[in-house]
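In case you want the letters, here they are:
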Amino acid sequence: SQTIHQWPATLVQPVGSPLSLECTVEGTSNPNLYWYRQAAGRGLQLLFYSVGIGQISSEVPQNLSASRPQDRQFILSSKKLLLSDSGFYLCAWSDPRLAVSYEQYFGPGTRLTVT
Amino acid sequence: RKEVEQDPGPFNVPEGATVAFNCTYSNSASQSFFWYRQDCRKEPKLLMSVYSSGNEDGRFTAQLNRASQYISLLIRDSKLSDSATYLCVVSRGGGGNKLTFGTGTQLKVEL
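Protein chains in written order, with our numbering: chain A, 12 to 126; chain B, 232 to 342.
One chain only, chain A, in its complex shape:
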């Protein structure tokens, strides 16, 4: 079966500090990968998605970036955090080869507080 891991679970960072969040998927190959952010009391906002190694599409211009150095690894980064970057960051995967390819499965998330 497939599992998705995210770490860290919680993070408190000062404004202006760098960020690196990691997501890995097990039990599948060539997944589509997604990064979302959920601000307090808000809906899920798609930040980035990737259909393959090194292929990153950005949905919202901001000071965040994403990378996919390996097939099942997705990294979200920032060089300098802003207060507005606080939120619940969720990684998700889907299998593009399946008939139910739109189904997405989420990791446990990272709760980021920028102070």
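Hints are not guaranteed to be accurate.
[What the hints assert, rightly or not] On the chain A side, residues computed to face chain B include the following (Cβ under 10 Å):
| id | residue |
| --- | --- |
| 1 | Gln73 |
| 2 | Phe99 |
| 3 | Gly120 |
| 4 | Arg122 |
No lab work stands behind these hints: they were computed from the structure.
For glycine and all other residues, C-beta sits at the position ideal for the given N, C-alpha and C.
Go by the hints and put chain B onto chain A.
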């Protein structure tokens, strides 16, 4: 107009009640539809897909009306454990099999 609109609630219902949530979407090209459940401070989890013919999974029934661009979720015999936020989700165009999530409807089941 939002791409996916839901009544935010909260819906406060007694245990054993039947409750219905509705959702409308704006993209007529959407092909896939889902309900996700999100517990407080947790990740969303897929509850069920929604098909044009309607589908049922135990106490949960989902319906889709493509002509009206309307999706519903019916929960029968509510349990305390059903308390959560229910997210209406529709597919988007373009590559990557992307989804658009509604902001959710909060359900509180009480004794």
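Hint by hint, here is what the structure shows:
no.	hint	result
1	Gln73	violated, 17 Å
2	Phe99	holds, 8 Å
3	Gly120	holds, 5 Å
4	Arg122	holds, 7 Å
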